[in-house]
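Number of protein chains: 2
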Amino acid sequence: MTERGLLIVLSGPSGVGKGTVRKAIFEDDAVDFRYSISATTRKPRPGEENGKDYFFVSREEFEDKIQAGDMLEYAEYVGNYYGTPRSFIEETLASGRDVFLEIDVQGALQVKAKMPEGVYIFLTPPDIKNLRQRLIGRGTDSAEVIEKRVAAARDELKKMINYNYAVENDVVAHAVDRIKAIITAERLRVSRVLEQIAEQ
Amino acid sequence: MTERGLLIVLSGPSGVGKGTVRKAIFEDDAVDFRYSISATTRKPRPGEENGKDYFFVSREEFEDKIQAGDMLEYAEYVGNYYGTPRSFIEETLASGRDVFLEIDVQGALQVKAKMPEGVYIFLTPPDIKNLRQRLIGRGTDSAEVIEKRVAAARDELKKMINYNYAVENDVVAHAVDRIKAIITAERLRVSRVLEQIAEQ
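Chains as they are written, first to last, in this note's numbering: chain A, 1 to 200; chain B, 1 to 200.
Please note that the accuracy of each hint is not assured.
The list cannot tell twin chains apart, which means a pair is met if one copy fits it or any two copies do.
When the alpha-carbon atoms are kept at most 16 Å apart in a straight line, the in silico EDC-like pairs for lysine to aspartate or glutamate are as follows [unchecked claim]:
1. 114 / 28
2. 18 / 104
3. 159 / 195
Quick caveat, the hints were computed from the structure, so don't treat them as lab data.
Given the sequences, and given the hints that come with them, work out the whole structure.
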């Protein structure tokens, strides 16, 4: 019997830098995760590619997938849908490969309810002021949108208690090292090691 | 209020290489653990120093300490007492420093019963045959003692389920990296991070 893969979920407030950290993790050739690409109805930002950063779909297409039961999680956030195809995750884990999911807080909690055995990592901003500066610096959002996002981030920080780990995104390389340490440690948990021994 | 230190317990079968791994961890200058030196009534092996590898004491002295309630754990193993002064651990953790304990399986389980919040790491031999070879190679034990230890190790492996993590001691440097990853990850557990936030 093939040993089941590990589900690793990276989440955190909007604008905290989840995408940057995720990209840095995947730049390491030693990393052999399958990355779960989310579907979204939001418009691509400059430089984002369809099928790489997200599957960019219409509202109609997204709602059809929900109806078909093909979303492990989905959420509407700042007026757009974000979601994760369920079949992809299940098949990849069953084949023995690890899956890395980068999703917003609403999505992570939905996945956790269905797959509590995953490793849930909450990426935190160094502080809320820093988050606001980051959004201003990005220059893609109006002041009103930024304030809405900062308020949402405060609410989301309260949800940290539902996660297994909290990683501060002070310096991307440090955040990456911490996440790699978490994954190494999780693979060494006695509950998982005993499963492997039982399957030999 | 000072944030309480982390108790890290490295344990595993006799002869698995706990001492070698522990020494390699402490060779890293970035490591700031307080090492808890055990007391024992066994005779020093060549190269071992009193007050560094162990506190080598007489049976009488050891039993006096037990009576005084100054042992967090103690055990009799292959005819000798091994134990850990309780006050040292408590004071160091309260001062905010991490404590690293390297002890046998019996001792680790006693400590866990009293301090379940610690991080319990089980060091495993690559296999039992390898353990026997290691003991033979050390050249300090008779064949009878070696067989007794291998049998004891088999019983101890069954106790892995009481630990949080299992680390294979295939290559010392790899075992050290895995243990460091575990400690990094444990410091990032949401339960500990939330404690820190609450104390700010």
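*Please work out whether the CA atoms of residue 114 and residue 28 approach to 16 Å or closer within one copy, between two copies, in both situations, or in neither?*
neither (29 Å within a copy, 41 Å between copies)
*16 Å Cα threshold - placement of residue 104 relative to residue 18*: within (9 Å within a copy, 42 Å between copies)
*Is it within, between, both, or neither for residue 159 and residue 195, if the alpha carbons may be no more than 16 Å apart?*
Classified as between: cross-chain Cα gap 15 Å, same-chain 30 Å, threshold 16 Å.
Consistency note: the structure conflicts with earlier hint 1 alone.
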